[in-house]
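Protein sequences appear in the order of chains R and V.
Okay, so the first sequence: first residue is 1 according to my numbering, each after it adds one.
Okay, so the second sequence: first residue is 1 according to my numbering, each after it adds one.
Honestly, I wouldn't trust all of these hints.
To be verified - Chain R side only, calculated, beta carbon under 10 Å to chain V, not exhaustive:
no. : residue
1   : 45
2   : 72
3   : 73
4   : 74
5   : 79
6   : 81
7   : 263
8   : 293
9   : 295
10  : 347
11  : 349
12  : 361
13  : 363
14  : 364
To be clear, the hints were calculated from the coordinates, so they are not data collected in a lab.
Here a beta-carbon is modelled for each residue, glycine too, at the ideal position from N, C-alpha and C.
The primary structure of each chain is shown beneath.
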Amino acid sequence: MNVVEKNLHVPSNSETPIESTRLRQGKLVSSVITLAHGGGGKAMRDLIDDVFINAFSNSSLNTLEDQARFQLSDLAQYGDRLAMTTDSYVIDPIFFPGGDIGKLAICGTVNDLAVGGAKPLYLTCAMIIEEGMQVSTLRQIVQSMADTAKAAGVFIVTGDTKVVERGSCDKIFINTAGIGVINQGYQLGVHKAQAHDRILVNGYLGDHGAAILNARGDMHLSSPIESDCAPLHELIEVLLKAAPNTRFIRDATRGGIASVLNEIAEASRCGIEIRETDTPIRNEVKGFCEILGLDPLYLANEGKLVAVVPADETAAALTAMRTHPLGRDAADVGYVLEDGRAGRVHMQTSFGGKRIVDMLVGEQLPRIC
Amino acid sequence: MKYVDEFRDPEMAKVLLKEITKISDTLAKNLKRPVYIMEVCGGHTHSIFRYGIENMLPDSLELIHGPGCPVCVLPMGRVDDCVAIAEQENVIMTTFGDAMRVPGSKRSLLQAKALGADVRMVYSPLDALTIAKKNPDKEVVFFGLGFETTMPSTALTVLKAEADGIKNFSLFCNHITIIPTIKAVLDSPDLQLDGFLGPGHVSMVIGNQPYNFIAEHYHRPVVVAGFEPLDILQSLWMVLAQLNLGEARIENQYKRVVPERGNKMALTAISRVFELRQFFEWRGLGSIDNSGVQLNAQYAAYDAEKKFVTPSVVIADPKSCQCGEVLKGAIKPWQCKVYGKACTPETPLGALMVSSEGACAAYFQYGGARIENMQAKQSQKIIPIQPVIEEASL
């Protein structure tokens, strides 16, 4: 009863219905979240039943045990190692072009598992909600999480809800932890980059960072830039099949591609060179950065990965990635130098010059003039 | 990107670089040292590093990164005053993004914010006025800084506050003017400069004529330059061409933006609300007479220095700092004793490590390869340098 179905991709009608395990199903009457909804009593039960269970419904969650339980044999069919990760999502605004905090909370954790070569399976969901949030807003976020999880083929199997006083958090904070299983064949590592390896990305960089900055509205710019927020596990599967000796993959979230490249150069004790002309950045994002004096290489992405691939598998990797919708604009942006200084990332500028791409110190702040 | 890519064409850069190298090599041969050209403006410094221009130039030409980064040259005492105002009850402090990071003797505005002060980043001083309208029970202060580039928008904001009858807005004014600053650089005894790239955005406001004295009295060519990489290369070529002919004139490369006589409306707004300060202290350069501005008597009601009590203590730059010598081109950033050791972008001691427009921060972030090359070259050739440490004090 307490296990998740052996076949994770069972249709929802075979999941244990709430009615079969519970005497009554709570119904939320309030239209606003109050401290009572985190108080452990009936109000909280109503919230969990009506909002969370309703949307996430699966046999593990529906039993409302304090923990999700897994059959080890179920997990073992996917590989020989467990992968586990956690991430907290705080974002302003919580709804933005191309996504919302709920979609982000699923994609981010799915991606953190997938870039290690793991098949993402189960997620947790812990929410800290500021009192006063409209229930309809919460439902919208939760529905977005449910839809994204369904599309990504993962289950939300356990969770937690806290409500805090107004001002103690900014609307809503979400934490999701995830478990996945890594296929025997994959041995990815940040220290594995070698001379002549190629640096690949799966598409346009900086969309998420620019979309969020723009969505805050301070600049009063009208712009079509949308967040690239997307689960990358399918694309990674395609990539790893085509290039099984891929050394390393990481999603280029906060700090952008620049930070990931620096992490690789440092851990692998190598130098890396990228080419500005080959680095895909949308004109809209470039223009946005021009106005604010920001560098798109440091802007956050939520659906972009950096892969280090051996030179002889690069063509196959690129061709394969480009067959997937999330890899259509995949590009070879640079390579690991043979005699580069360890830990250093360079960029050949489109103008013909050369500059260092260093780790960001602090936050990127718009320039005065 | 249209209207941008045209100014970043690598093929045209090659043509210009060939010409630059030809003239520069000849000049350097006669001078028996490299040609030194100073870009006054921090915006140019930023572009030069961002596009890797320094690495493209011949050895016979060296760029000296000038004092035109308003964030960098702000002395610690002024930041302390700003933090002191921000930390008062009922105050909302507003300013531009990179001004929030400038270190005071105790903390920066960013740190004050973390400790509870209400500090907000704005993109325009008018945003500060909007905040003042929305918070009538609070005092909203705009921490205004910058050369003539940002002065008009501050002036217009003060005029708008007056027109709208907004009383809870004031200005902590740290605006500075460019001409006395260039003059101070030119009067420096340890200076070796053959020509200047003039600041494009400042000139958009003040025009080209205020630079005439540089050609007439100091016999140095000035080319007012744009900020795209081809603008910079073309301007360098124009300075070299003048030097080659033994001329010293003021030329305008940035004609698409800079009118000969400046922007009359902007200048009118500036002169309506501001007056020169007799003394204003600069980080790294010491006090420069008549280089700062303040609100005049008519607009004193909007002057945060009159509205709030501030410590107004002058804090000397750390003794180990050699910002002044770097600003004047007497030493290269990486020749400073504390560069990259005690002084990094994370823990800046000196002004030039603060903003991405500061020469030291730009070298630190973008320029490592060039430094390695130059250090290697430096050990072979001797540039006459007379380091002079000027302690900043009033």
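Checked hints:
1. The criterion of a C-beta within 10 Å of any C-beta in chain V is not met by residue 45/R, whose closest approach is roughly 38 Å, and the hint is violated.
2. A least Cβ separation of about 46 Å between residue 72/R and chain V goes past the 10 Å threshold, and the interface hint is therefore violated.
3. Because the smallest distance between the Cβ of residue 73/R and any Cβ of chain V comes to about 50 Å, over 10 Å, the interface hint for this residue is violated.
4. Below 10 Å, beta-carbon pairs count as interface contacts, and residue 74/R has none with chain V, the closest being about 46 Å; its hint is therefore violated.
5. Interface hint status for residue 79/R: violated, as the beta-carbon distance to the closest one in chain V is roughly 41 Å, over 10 Å.
6. The criterion of a C-beta within 10 Å of any C-beta in chain V is not met by residue 81/R, whose closest approach is roughly 37 Å, and the hint is violated.
7. A hinted interface residue such as residue 263/R counts as satisfied when its beta carbon comes closer than 10 Å to some beta carbon of chain V; here the least separation is about 17 Å, so the hint is violated.
8. The beta carbon of residue 293/R comes within 8 Å of a beta carbon in chain V, closer than 10 Å, and the hint placing it at the interface holds.
9. Here the hint on residue 295/R is kept, as its CB sits about 8 Å from the closest CB of chain V, short of 10 Å.
10. With 10 Å as the threshold, the beta carbon of residue 347/R comes within range of chain V, its nearest partner Cβ sitting at about 8 Å, so the hint holds.
11. Satisfaction of the interface hint for residue 349/R is found here, the shortest Cβ-Cβ separation to chain V being roughly 5 Å, below the 10 Å cut-off.
12. For the restraint placing residue 361/R at the interface with chain V, the shortest Cβ-Cβ distance is roughly 4 Å, inside the 10 Å limit, so the hint holds.
13. Of the supplied interface hints, the one on residue 363/R holds, with its beta-carbon coming within about 8 Å of a beta-carbon of chain V, less than 10 Å.
14. With its C-beta approaching chain V no nearer than about 8 Å, residue 364/R sits inside the 10 Å limit, and its interface hint holds.
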